[in-house]
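One line per chain: the protein sequences are A and B, in this order. Under our numbering, the first residue of the first sequence is numbered 13, with each subsequent residue one higher. Under our numbering, the first residue of the second sequence is numbered 854, with each subsequent residue one higher.
None of these hints come from the bench; they were simulated from the model. Mixed in with the good hints, there may be bad ones.
Dumping the calculated DSS-like pairs for lysine-lysine here, alpha-carbon to alpha-carbon at most 25 Å [what the hints assert, rightly or not]: (1) B:Lys1118 / A:Lys138; (2) B:Lys1268 / B:Lys1305; (3) A:Lys138 / B:Lys1114; (4) B:Lys996 / B:Lys1148; (5) B:Lys1305 / A:Lys129; (6) B:Lys1319 / B:Lys1338; (7) B:Lys1233 / B:Lys1244; (8) B:Lys1305 / B:Lys1244; (9) B:Lys1069 / A:Lys110; (10) B:Lys1114 / B:Lys1152; (11) B:Lys1152 / B:Lys1184; (12) B:Lys1196 / B:Lys1148; (13) B:Lys1338 / B:Lys1244; (14) A:Lys110 / B:Lys1319; (15) B:Lys966 / B:Lys920; (16) B:Lys1118 / B:Lys1069; (17) B:Lys1066 / A:Lys110; (18) B:Lys960 / B:Lys996.
Sample of chain B residues at the chain A side, in silico, Cβ under 7 Å [claimed, not checked]: (19) Val945; (20) Glu1003; (21) Gln1029; (22) Ile1072; (23) Leu1075; (24) Pro1077; (25) Ile1103; (26) Ser1106; (27) Thr1434.
Treat the numbers as computed from the prediction; the structure is a model and nothing was measured. Yeah, the Cβ is synthetic: ideal placement off N, Cα and C, and Gly gets one too.
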Amino acid sequence: MVVASKSATHTRRRKVSPIATVTSSHIKAKTLELKQSNSSDRTVTILPSSQATPPWLSRLGIWQQRVSVVTFVLVATTLAAYGWTVYDQHSWNQAYRKLVLLQRNERQLTTESEELKQHIARQAEKPEMGLTPPDPAQVIFLPEPKSSNITVPPTKPPSRPQQPILTPLGY
Amino acid sequence: MTRLATQRARHRPQSRKKQPANNKIRGSKLPRFRLLLVWCVLLAGILGLIWNLYQLQIRQGPMLLEKARQQQMVYLRPFIPRRPIIDRAGSVLALDQPVYTLYAHPKLFKESKETMAERLAAILNRSSAELLKQFRARDSGIKVALALPEEIAEQISNLHANGLELIQHYSRLYPQQSLAADVVGYVDVNRRGQAGIEYSQEKLLERPEQTIKLSKTGIGALMPDHAPPGFLQSDGLQLQLTLDSGLQRIAQSSLDQQLQKFGAKRGSVVVMDVRDGSILTMVSEPSYDPNEYYKSDLKLFQNWALSELYEPGSTFKPLNVAIALEAGVIKPNSQFEDSGQIKVGGWTIRNAEGEHHGLLDISQILQYSSNVGMVQVMQKMQPADYYNWLKRLGLGQSVATDLPFVAKSHLPDRKQFITYPIQPATAAFGQGISLTPLQLVQLHGALANGGKIMMPHIVRGLVDSKGNLAWQPSLPAAQQVFSLKTTQTVVEMMEKVVEVGTGTPAQIPGYRIAGKTGTAQEANSHGGGYSSAQIVSFIGIIPVESPRYVVLAVVDEPIGNVFGATVAAPIVKSVMEALVTVEGIPPSQPVAESTPKPTP
């Protein structure tokens, strides 16, 4: 509506002054001249240069701008949230797979180490391996040190050499 | 459009000029018909869509929903195993493993049976001809392989072949095989514990299996949307036993050696910590492999150390001495005449070897294991008092413990015991009463720990992965039956048995060991009387100055001229040697240097 009315005024203006490159003040001046010169011939009704937009329309325009900003933000947030949920599910899935794999590795490690233990123990029992059962005669028991007998020499802080320093401190 | 509109606008006034009356009616009818047509088409379209919507959403809705669920949902069974059982050092005695059963449905194969057989044969390590034969036998539901491990199952699922189905289930693995089978037990195909700890501690070990519904994406990735909170957090607790695998192994191998050497039927070794009643070792041979329990004889599933009774014979004598001392009927220096035989109620009781020892004090009675002496000691007591004492020690009842199938020990009828003097007389040297090896260990434990009867137990508790105790069984309070003075006196008497008496084969240089041999005739299983078969045993306590461990070895039906000293004492000795090194028990006295002095 607004655009249409504007173009209409333009065409009207062009009829009055065909020069397109003149400034608006120039046009105003020219129309005044025309008005003054032609006033004697016939009365020219001055059309309004532009239709004044009604206040409700301008308010609606402002609201439109605001709403589109909000819509943009909302759409962006939704996309981000959706992306995040997809990414989150993906990373959860990966982590879960990793957990299952690690648990399986742990189980296999436990089983194999226990089976190895059993195998080694069975091997060790064979007389040809040359291993003997533990013998207390081969165990050394160290007597517990009596705390009263131990005297800790008092530690002195290292004293500074009293001799005058022969080497120069600076170079 | 705009062009057409303008053209129409131009034409209209002209046509109006030509036929002003007729055109007015026609022009208004035609667009209305078209409009109606378009409207009808659109309406039909809308109605069609609504009908289809109704069909999809309401008529077929539930069915389609189910179909979608089937495609999107995956039923996950997270690995929630039965709790593992570990020994006191953390070695695993039993743990769960997922295994797979492979089924084949040849009618669903996308490739030829031959190709499938070849592909599977490479993975399963079987001949393709054999697999092919199986595939040709039936169209569907062929059980191809049982108990496949995870790696192989993964290789098969990576084939992405139609017509192959892997079903997961759990299998219990006992990595130590027969080592602790008598204690740990086994689970059957229905995963129910059937013996040992697996049976008695079922509640602690078992955890309910959960099935969780999860959605999956088009590429098969799991989505956590429907996951219940905390389904990944399993507590990871393990059941820890007081058993020591290393010691168990030594006990098992030395018992096996003696069983072979003497051609014996069976044997058992039990080691108990007398301070708290925890069992470090419990071996019963012959045993079975719980991984293949179905291949074993049913009789082997019973843990002989606690499910069968035997007459303890001379190993019961120290307990009788403790009773008599505690009752005040004898003093440690009381003396009795051993003439080799004694007549009681018309029966003649002799010493095992028929020898006579003359005047003996209490310590000597134990050293020579004099039956005649013991009968006289117990004759000092009123049979009723003696009977009450035996009852107080727990005879005639079963030992309270955390292992299952404990046999109730046997004590003769009270009236008979009091009326017939032969009954207390035979009980004096450990015949006519019968108990389990575990109960004998418990009673000797009371001698060793200053007179307290402890509950022998094997469960330490539930521990987390770092070894911290999360739960501990509550044990009943110890029952004081003997005074400290009495038990010390008896243990010192038993030390003499190992030093100079019948128990010398159990000596370990540098250590003070108390012990007692036992050689008893086996009661006939079919009726009264005794068979020629013998049951020999040795019970030892180490170290005498502050007793910590009781070790019992029992060997049933060894062949030849056998005694507790020759058959069972060497087993106890080797177990004690291992105990000393494992537990770091320092020698009581310096070990004499065996190297000869250099001659001048």
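Give me the numbers of the hints this structure contradicts, sorted from smallest to largest.
Hints 2, 5, 6, 11, 12, 15, 16 and 22 contradicted; others consistent.
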